[in-house]
Amino acid sequence: MAERSLRGKVAVAGIGETPYYKHGQAPDPEIVLALKAILAACDDAGIDPAEVDGFASYSDDRNNPTRLAAALGTKELRFSNMQWGGGGGGGSGAIANASAAINAGIADTVVVYRSLAQGQFARFGQGPKIPAIAGDPAFNIPYGIMSPAQQYSLKAMRFMHEHGIHQTALRGIAMASYYHAQNNPRAIMRGRPLTEEKYDNSRWISEPFHLYDCCMENDGAAAVILVSAERAKDMKHKPAYVLGAALGSDGGTGRGAYNGAHFASSHFTSVSRNLYDMAKVGPKDVDVLQSYENFTGGVLMSLVEHGFVEAEEADEFLVLDNLKADGGKLPLNTSGGNLAECYMHGLELITEAVHQIRGDSPNQVKDVNVSMVISGPMVSPVSNSIYGSEASL
Amino acid sequence: MTEATAPVMPAPAPIVNPENKPFWDATVEGRLVLPKCQNCGSINWYPRVFCPECGKFGVDWIDAAGTGTIYTFAITRRGMGAYGKAGPYVLAYVELDEGPRIMTNIVDCDVDSINIGDKVRVVFHDTGSGSALPRFTPVS
Ligand SMILES: [Zn+2]
Numbered sequence: 003m004a005e006r007s008l009r010g011k012v013a014v015a016g017i018g019e020t021p022y023y024k025h026g027q028a029p030d031p032e033i034v035l036a037l038k039a040i041l042a043a044c045d046d047a048g049i050d051p052a053e054v055d056g057f058a059s060y061s062d063d064r065n066n067p068t069r070l071a072a073a074l075g076t077k078e079l080r081f082s083n084m085q086w087g088g089g090g091g092g093g094s095g096a097i098a099n100a101s102a103a104i105n106a107g108i109a110d111t112v113v114v115y116r117s118l119a120q121g122q123f124a125r126f127g128q129g130p131k132i133p134a135i136a137g138d139p140a141f142n143i144p145y146g147i148m149s150p151a152q153q154y155s156l157k158a159m160r161f162m163h164e165h166g167i168h169q170t171a172l173r174g175i176a177m178a179s180y181y182h183a184q185n186n187p188r189a190i191m192r193g194r195p196l197t198e199e200k201y202d203n204s205r206w207i208s209e210p211f212h213l214y215d216c217c218m219e220n221d222g223a224a225a226v227i228l229v230s231a232e233r234a235k236d237m238k239h240k241p242a243y244v245l246g247a248a249l250g251s252d253g254g255t256g257r258g259a260y261n262g263a264h265f266a267s268s269h270f271t272s273v274s275r276n277l278y279d280m281a282k283v284g285p286k287d288v289d290v291l292q293s294y295e296n297f298t299g300g301v302l303m304s305l306v307e308h309g310f311v312e313a314e315e316a317d318e319f320l321v322l323d324n325l326k327a328d329g330g331k332l333p334l335n336t337s338g339g340n341l342a343e344c345y346m347h348g349l350e351l352i353t354e355a356v357h358q359i360r361g362d363s364p365n366q367v368k369d370v371n372v373s374m375v376i377s378g379p380m381v382s383p384v385s386n387s388i389y390g391s392e393a394s395l
Numbered sequence: 002m003t004e005a006t007a008p009v010m011p012a013p014a015p016i017v018n019p020e021n022k023p024f025w026d027a028t029v030e031g032r033l034v035l036p037k038c039q040n041c042g043s044i045n046w047y048p049r050v051f052c053p054e055c056g057k058f059g060v061d062w063i064d065a066a067g068t069g070t071i072y073t074f075a076i077t078r079r080g081m082g083a084y085g086k087a088g089p090y091v092l093a094y095v096e097l098d099e100g101p102r103i104m105t106n107i108v109d110c111d112v113d114s115i116n117i118g119d120k121v122r123v124v125f126h127d128t129g130s131g132s133a134l135p136r137f138t139p140v141s
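Chains as they are written, first to last, in the working numbering: chain C, 3 to 395; chain W, 2 to 141.
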């Protein structure tokens with residue numbers, strides 16, 4: 003039987019985004035933001051928007067394909083897909099789903115998109131307004147656990163305790179995002195650099211998370227156009243080939259709520275193996291990495307569970323100099339990411355990974371052939387993806 | 002001008018449903034009970050009517066000793082909603098001596114001096130609505 007894999011079969015041909023806004027400040031309705039990002043991605047790819055015949059998104063995006071297709075003049079809708087799971091855990095999952103559809107002949111031109119105008123609906127960072135709940139949450143809410151920051155700080159605290167990791171490791175991750183944002187014209191936090199002192203003196207959100215360990219909340223939209231590798235070769239930009247994409251979580255993740263064996267985890271142990279197996283690369287082959295920062299503690303655990311650093315060496319390794327695009331050992335979050343570019347639920351990490359393959363990032367790493375994205379950690383399912391140049395195939 | 006008042010830890014009522022009612026009913030009597038599977042004997046959290054280990058229905062409610070250790074914690078300096086006036090408070094998962102880890106608060110302590118691994122024992126805070134919140138306090 004032939005090997006079943008996405009490796010080199012599909013490529014990113016176009017990327018697009020709206021300007022990024024502070025939370026609640028988008029001038030357009032959320033669906034208009036989605037359309038603007040999709041039109042920009044089509045223009046970037048050099049294709050007629052009516053040719054888009056597939057749509058894939060995640061995190062229950064409110065702008066469904068039927069509505070979008072009507073506005074885009076879609077000739078024929080052939081693929082309409084939602085990756086289950088909240089937060090940004092599904093970003094690379096949507097890439098996997100779109101790529102699988104193209105590879106299987108279900109659709110030819112699939113857009114992965116995410117649009118957020120949280121001010122027009124509800125904010126993620128505020129958590130639920132105590133609805134009629136059952137199961138595990140019914141036992142949590144009376145104790146004053148209301149926000150994602152609180153929920154995930156418990157994981158980070160345990161992981162740091164188990165491995166003797168200190169606050170400075172989280173600070174290094176935050177510093178990298180802010181450092182790269184200063185060069186990125188799209189970044190919300192451009193012009194607002196972060197120093198070690200500023201980090202140390204910032205208020206606690208939920209210890210061990212300072213203010214600067216937590217993502218922003220923003221409005222905007224981003225889109226990525228995928229086509230077959232064969233077609234991508236003749237299009238406007240250098241293709242970013244999908245070398246691999248994986249999604250899911252370890253067996254038993256949901257069985258015991260926070261009682262599982264892998265509580266202090268980003269939930270990537272099996273998903274990282276599956277990604278590397280498909281892409282036929284390992285962490286040492288990765289030239290540049292975007293790792294979703296809902297909270298820096300999630301990045302820390304993601305890096306360990308993808309083999310970029312041993313937990314016991316995290317303190318030593320996670321310092322700004324090692325994480326810079328210009329000369330760092332592991333260039334990390336080179337657009338500024340969720341902390342400092344824009345919280346576009348991690349789709350902005352995928353567009354940055356593509357920029358790195360094309361060679362036109364504002365923080366370009368030299369000679370990138372393998373560019374990786376780790377999407378939202380600590381939720382379930384999680385997902386990840388790797389993009390490669392022609393030379394990587 | 003209003004006088005400064007000391008922070009007060011609230012005791013919001015949980016949402017009681019048929020699945021978790023035996024648990025909350027026991028708290029009013031100052032008992033911490035846990036569901037034990039009639040089939041495989043595992044003691045599970047959170048309370049529910051089937052066993053997440055073997056998948057069978059049927060649990061017995063057993064009395065827990067009310068002692069355990071702090072598995073992990075986080076400090077919230079400024080709460081929201083009912084916790085808006087709580088002052089700094091500690092969220093924690095306490096690992097009970099019977100095995101399960103449960104969400105709780107660590108109370109009657111200096112929030113800056115607690116550590117993972119500290120021994121704790123249960124105290125009950127009445128919600129005034131037919132339930133009491135099991136919380137934990139350090140055992141010195
Ligand atoms: Zn059982």
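Calculated from the structure, these hints are not laboratory results. Since the model is a prediction, treat every value here as computed from it, not as a measurement. It cannot be assumed that every hint is accurate.
Heads up, simulated DSBU-like pairs for lysine-lysine below, C-alpha to C-alpha not over 35 angstroms straight-line [to be verified]: (1) C:LYS200 <-> W:LYS37; (2) C:LYS77 <-> C:LYS200; (3) C:LYS24 <-> W:LYS86.
Per label pair, the in silico range of CB-to-CB distance [as the list claims (entries may be wrong)]: (4) C:ARG69 <-> W:LYS86: 41 to 49 angstroms; (5) C:GLY48 <-> W:LYS86: 34 to 42 angstroms; (6) W:LYS57 <-> C:GLU318: 21 to 29 angstroms.
Residues from chain C that keep clear of chain W, each with C-beta distances beyond 12 angstroms, as calculated [claimed, not checked]: (7) PRO29; (8) ALA106; (9) PHE123; (10) ASN142; (11) GLN152; (12) MET159; (13) VAL311; (14) LYS368; (15) ASP369.
For every residue, glycine included, the Cβ atom is placed at its ideal position computed from N, Cα and C.
Quick rundown of the hints versus the structure:
| no. | hint | result |
| --- | --- | --- |
| 1 | C:LYS200 <-> W:LYS37 | violated, 50 angstroms |
| 2 | C:LYS77 <-> C:LYS200 | violated, 53 angstroms |
| 3 | C:LYS24 <-> W:LYS86 | holds, 29 angstroms |
| 4 | C:ARG69 <-> W:LYS86: 41 to 49 angstroms | holds, 44 angstroms |
| 5 | C:GLY48 <-> W:LYS86: 34 to 42 angstroms | violated, 59 angstroms |
| 6 | W:LYS57 <-> C:GLU318: 21 to 29 angstroms | violated, 49 angstroms |
| 7 | PRO29 | holds, 29 angstroms |
| 8 | ALA106 | holds, 34 angstroms |
| 9 | PHE123 | holds, 19 angstroms |
| 10 | ASN142 | violated, 5 angstroms |
| 11 | GLN152 | violated, 6 angstroms |
| 12 | MET159 | violated, 5 angstroms |
| 13 | VAL311 | holds, 21 angstroms |
| 14 | LYS368 | holds, 40 angstroms |
| 15 | ASP369 | holds, 42 angstroms |
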